[in-house]
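Letter 108 of the sequence shown, counting from 1, is numbered 108 in the numbering used here, and no numbers are missing.
Calculated directly from the structure, the hints in this document are not laboratory data.
Here a beta-carbon is modelled for each residue, glycine too, at the ideal position from N, C-alpha and C.
Any given hint could be a false lead.
No farther apart than 30 Å at their CA atoms in a straight line, the calculated lysine-lysine pairs in the DSS-like style are these [stated by the list, open to error]:
hint, residue 1, residue 2
1, Lys-97, Lys-40
2, Lys-162, Lys-46
3, Lys-162, Lys-97
4, Lys-53, Lys-154
5, Lys-162, Lys-53
6, Lys-85, Lys-97
7, Lys-97, Lys-46
8, Lys-162, Lys-85
9, Lys-154, Lys-40
10, Lys-53, Lys-146
11, Lys-146, Lys-40
12, Lys-154, Lys-46
13, Lys-85, Lys-40
14, Lys-154, Lys-97
15, Lys-53, Lys-85
16, Lys-40, Lys-53
17, Lys-46, Lys-146
18, Lys-46, Lys-85
19, Lys-85, Lys-154
20, Lys-85, Lys-146
21, Lys-162, Lys-146
22, Lys-97, Lys-53
Simulated DEER-style distance windows between Cβ atoms [as the list claims (entries may be wrong)]:
hint, residue 1, residue 2, range
23, Ala-120, Ile-7, 34 to 40 Å
24, Ser-160, Glu-113, 39 to 45 Å
25, Arg-3, Phe-110, 32 to 38 Å
26, Arg-38, Ile-84, 18 to 24 Å
27, Leu-26, Phe-110, 21 to 27 Å
28, Ser-143, Cys-59, 23 to 29 Å
29, Glu-157, Pro-48, 24 to 30 Å
30, Ile-144, Ile-15, 26 to 32 Å
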Amino acid sequence: MIRIFDIFFALFGLIFGSPLLIVITLFGLFDTGSPLFRQKRVGRNKEPFVLLKFRTMRCDTASVASHLASAAAITPSGRFLRRIKLDELPQLWNVLKGEMSLVGPRPCLFNQEELIQERAARGVFNARPGVTGLAQVNNIDMSIPKLLAETDQKMLESLSIKDYFRYIFITVAGRGSGDRVKKG
Numbered sequence: 001m002i003r004i005f006d007i008f009f010a011l012f013g014l015i016f017g018s019p020l021l022i023v024i025t026l027f028g029l030f031d032t033g034s035p036l037f038r039q040k041r042v043g044r045n046k047e048p049f050v051l052l053k054f055r056t057m058r059c060d061t062a063s064v065a066s067h068l069a070s071a072a073a074i075t076p077s078g079r080f081l082r083r084i085k086l087d088e089l090p091q092l093w094n095v096l097k098g099e100m101s102l103v104g105p106r107p108c109l110f111n112q113e114e115l116i117q118e119r120a121a122r123g124v125f126n127a128r129p130g131v132t133g134l135a136q137v138n139n140i141d142m143s144i145p146k147l148l149a150e151t152d153q154k155m156l157e158s159l160s161i162k163d164y165f166r167y168i169f170i171t172v173a174g175r176g177s178g179d180r181v182k183k184g
């Protein structure tokens with residue numbers, strides 16, 4: 001049932017959000033010259049996929065987890081996109097393709113070995129990664145691998161349709177900042 005909701009909301013978001021997607025893309029062209037950010041992430045069953053986001057950092061920023069990146073790398077428009085979570089909109093394409101769900105554990109990078117081990121031990125990779133989830137709405141970021149994996153496992157074991165909508169609503173309402181970028 002959740003997959004049906006994912007497809008419906010991703011299609012709805014891409015179709016009706018297309019004017020906004022175009023505007024953000026144009027701003028991104030002027031801001032960084034490359035509005036889309038693509039990064040290989042760990043997906044369901046540890047399969048790699050390319051996550052899409054609007055670029056919020058300079059193009060020369062190292063491809064590392066957000067908590068390891070410098071805040072100085074964030075562009076002015078990137079700061080705005082992150083604050084209201086519009087940088088995540090291109091992930092609707094990942095959801096539509098079946099690589100992600102709207103709700104699930106945030107996909108990690110392949111170099112986050114401790115997190116991968118913790119998630120593998122808890123069966124977290126049996127699920128599609130998500131745009132948001134329990135860890136994100138509770139401000140648990142990827143710099144705390146064991147707690148994040150435990151939270152992901154807890155969410156997946158009890159995920160209901162009600163929780164699915166609750167996590168989406170909480171995220172859209174502005175709660176949950178997910179991974180933080182280090183200061184300075």
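Hints and how they fare:
1. Lys-97 <-> Lys-40: 15 Å, holds
2. Lys-162 <-> Lys-46: 27 Å, holds
3. Lys-162 <-> Lys-97: The given pair, whose Cα atoms are some 24 Å apart, holds under the 30 Å limit.
4. Lys-53 <-> Lys-154: 27 Å, holds
5. Lys-162 <-> Lys-53: Judged against 30 Å, a Cα distance of about 27 Å means the pair holds.
6. Lys-85 <-> Lys-97: With Cα atoms ~21 Å apart, Lys-85 and Lys-97 stay inside 30 Å; holds.
7. Lys-97 <-> Lys-46: 16 Å, holds
8. Lys-162 <-> Lys-85: Given that 30 Å is the threshold and the Cα spacing comes to 22 Å, the pair holds.
9. Lys-154 <-> Lys-40: 25 Å, holds
10. Lys-53 <-> Lys-146: 26 Å, holds
11. Lys-146 <-> Lys-40: With Cα atoms ~22 Å apart, Lys-146 and Lys-40 stay inside 30 Å; holds.
12. Lys-154 <-> Lys-46: 19 Å, holds
13. Lys-85 <-> Lys-40: Holds, at about 20 Å.
14. Lys-154 <-> Lys-97: Distance of about 26 Å is within 30 Å: holds.
15. Lys-53 <-> Lys-85: Judged against 30 Å, a Cα distance of about 10 Å means the pair holds.
16. Lys-40 <-> Lys-53: 12 Å, holds
17. Lys-46 <-> Lys-146: 18 Å, holds
18. Lys-46 <-> Lys-85: Status holds; Cα separation ~26 Å.
19. Lys-85 <-> Lys-154: Since the Cα atoms of Lys-85 and Lys-154 sit roughly 24 Å apart, the hinted pair holds (cutoff 30 Å).
20. Lys-85 <-> Lys-146: The hint holds at about 25 Å.
21. Lys-162 <-> Lys-146: 26 Å, holds
22. Lys-97 <-> Lys-53: Between Lys-97 and Lys-53 the Cα gap is close to 15 Å, so the pair holds against 30 Å.
23. Ala-120 <-> Ile-7: 34 to 40 Å: 28 Å, violated
24. Ser-160 <-> Glu-113: 39 to 45 Å: With a Cβ separation near 32 Å, Ser-160 and Glu-113 fall outside 39 to 45 Å, so the hint is violated.
25. Arg-3 <-> Phe-110: 32 to 38 Å: Violated - the Cβ-Cβ distance for Arg-3 and Phe-110, about 25 Å, lies outside 32 to 38 Å.
26. Arg-38 <-> Ile-84: 18 to 24 Å: 22 Å, holds
27. Leu-26 <-> Phe-110: 21 to 27 Å: 32 Å, violated
28. Ser-143 <-> Cys-59: 23 to 29 Å: 24 Å, holds
29. Glu-157 <-> Pro-48: 24 to 30 Å: Given a distance of about 25 Å, which is inside 24 to 30 Å, the answer is holds.
30. Ile-144 <-> Ile-15: 26 to 32 Å: Taking Cβ atoms as reference, Ile-144 and Ile-15 lie about 37 Å apart, which means the hint is violated.
When held up to the earlier numbered hints, the structure conflicts with 23, 24, 25, 27 and 30 and fits the remainder.
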